[in-house]
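Visitor: Kindly produce the complete structure, drawing on both the sequences and the hints.
One letter stands for each residue in the lines below.
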Amino acid sequence: MSQKQNGAEMAWNDNNNQTPPELDEVIKDFKNKFNSTFGGSSSGKSGASKAAKGSFKYILILAVIVWLLTGIYIVDPAERGVVLRFGAFQTSTTQGPHWHIPYPIESVYKVNVEQVRATEIGFRNTQNSYSGGVSSESLMLTKDENMVDVNLAVQYKIVDAKAYLFNVYQPELTLSHVVQSVIRQVVGDNTMDHVLTTGRDQVAQEVKTASQALLNDYGVGLMITAVTMQDAQPPIQVKASFDDVVKAREDEQRYINEARAYANDIVPKARGASQRIMAEAEAYKSQVVSKSEGEAYRFTQILTEYLKAPEVTKERLYRETLEDVLSSTNKVIVDSSSNSLMYLPIDQLINSNRTSKTSSTVNTFQQTPSGQDDQSVLRSRENR
Amino acid sequence: MNKIIIILAVLVAILLSSSLYTVNETQVAIKLRLGEIVAVENEPGLKFKTPFVNNVVTFDKRIQTLDSAAESFLTVEKKNVVVDSYVKWRIVDTQKFYISTGGAMSSANLRLAQNNQDALRSEFSKRTIIEVVSDEREAIMASVKGKLKSIAEDEYGIEVIDVRIKRIELSQEVRNSVYSRMETERKGLANKYRSEGAEEAEKIQAFADKERTIILANAYRDSEKVRGNGDAISASNYAEAYNQDVDFYSFYRSLESYKKSFNQQGDVLILNPDSEFFRHFNPSE
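Top to bottom, those sequences are chains A and B. Numbering follows the working numbering, in which position 181 of the first sequence is assigned residue number 181; successive positions increment by one, without gaps. Plus 1000 on top of the position in the second sequence (first one is 1) and you've got the working numbering.
Certain hints may be false.
What the hints assert, rightly or not - Pairwise CB distance ranges, derived in the manner of DEER restraints:
#1 Glu1138/B - Gly96/A: 44 to 52 Å
#2 Ala226/A - Gly1045/B: 34 to 42 Å
#3 Tyr297/A - Phe1251/B: 15 to 23 Å
Said to hold, decoys possible - Quick partial rundown of chain A residues pointing at chain B, CB under 10 Å, derived from the structure:
#4 Leu84
#5 Arg85
#6 Glu114
#7 Tyr255
#8 Ala273
Keep in mind the hints are simulated off the structure, nothing from the lab. Glycine residues also receive a C-beta, built at the ideal position from the N, C-alpha and C atoms.
Guide: Written out as structure tokens, the structure reads:
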């Protein structure tokens, strides 16, 4: 509990219902009182005892003044002062200097109502890890009978100093109990996936509202300013399989991306290939058409001339062609009129022709630099 | 004379202080006269009593917390659950409270705890785990609260403000089976994601393959059309030209063929000198 007893300080004023008398009057008052009780009755005594009595009087007066001064207290802007008279609530005071009738008549509790305090549920550094430690505080059952590990941070402040002081024994512990109970109820009303993923904020919000309602029921005088879910995880025992699901999601995306990459690779290539095929076809068409046109034109031209002089032209064409053919080939003329059997070594004729050709190629290769010999031989062999 | 006055004053002060007592804002008090209750002070403030005859017992009237130890209960399906709960209560009938508990908070807590356990046990034995955890949690708490409230009010002079379940926990064996179920569930989910990814990938690839085949087939079709068209045009060109004189065409074309066929050094022609070409070769004839 954070209430502090009063501390006496410099000046004081009288906001109090008590309307304490001004200092001078107080002193005068007490002087009179003491004079009437002690001074009056002891008027006939000796001078020495009178002097002693006088100093005793002043000591008494001083003691009273000191006693009265102990009633001064200062309330900070963030605080509320709660004044009790003989234990009964008298008044509450706000910021500034105040005075109360000193002990044992009145006493003051000062409570900070602005300071935001924090408590944690399920944390390692939790204050109340009784009955089995932290994991028992953070591990809870969900609606679908799974378990989740939830850590909450609760921020709160005191809104009603009087209620905070007098209504509930151990208000902070009460808050902790309430939040623990409510978070389990809320988690128990939701599925695990909801708690772990999309519903986190909603769960925290529900905890805040429900806890506040209970605190109001009990009249604790506390207000929850924020509930944040620090951590919501599956229990450590099954964490690996949960991580694997995350990995599986990544894998799913990876497979799809790879397939897309494949599609993006082959489809444009196919489109390109189709363009090539079409272009080649067009080229072929142009080629054959042009060729046919040319050849047809050539034929028509020759035909025209042929028709003018058919015999001569035919003869000329024939002879020219034979000349062409015979000039570029090997020839053997056989007189078939002599009936003798003839041996004609056609193989040799063809081979001798080939050999003369190859030998000439070999000769040319032999002139190349020696470094390339292997290759040259190889090539000449291939030629053979 | 003076001494007598001082002694008298001291005596009066002692008398006064032993005949005055304060009841705090957080307290209620019972005034006893030689063991017999004569007054209940519910309001805080300065009170009087007769010295030596009266004595005063005070109690905390704030809301108290009974935080019972975690207790294990059986549910209707005979599963063990560990339940941790708390009870909020306060004294309302001070006299009854004093008589029934002897004024000890701890003894009140003990009795309430027993009642709480009994009530919870009977509620849990009627329900399944899933009901206990989520659907009927509220109902259990309300029912236990109701039971406890009437007992406490009648017997102990206590008002039960709230009964709440803090945590419900499965026993170790049940927890292990829950873990293995969670694991298999996750495994199923992971497989599902991977297979769905493979499915989608296969779909995309197959579609792309299809696309490629179609594109190429269409291109082949169109190219053949173009080629055929070219062939047709060239055929008609040839036909038009050659039809003018078919005989000359065959002669002319044959000559072309000879030229093309016999144009290699290795070719060997075996000729008969009687052929047309050699008409003038042998002038004897």
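Visitor: Run every hint past the structure and note whether it holds.
Guide: Hints, one by one, checked against the model:
1. Glu1138/B - Gly96/A: 44 to 52 Å: 47 Å, holds
2. Ala226/A - Gly1045/B: 34 to 42 Å: Given range 34 to 42 Å: holds, Cβ gap about 39 Å.
3. Tyr297/A - Phe1251/B: 15 to 23 Å: 19 Å, holds
4. Leu84: 6 Å, holds
5. Arg85: With a closest approach of 7 Å, the Arg85/A hint holds.
6. Glu114: Status violated, d = 23 Å.
7. Tyr255: It holds, given that the least Cβ distance between Tyr255/A and chain B is near 4 Å, below 10 Å.
8. Ala273: 6 Å, holds
Hint 6 alone, counting from the list given before, is not met by this structure.
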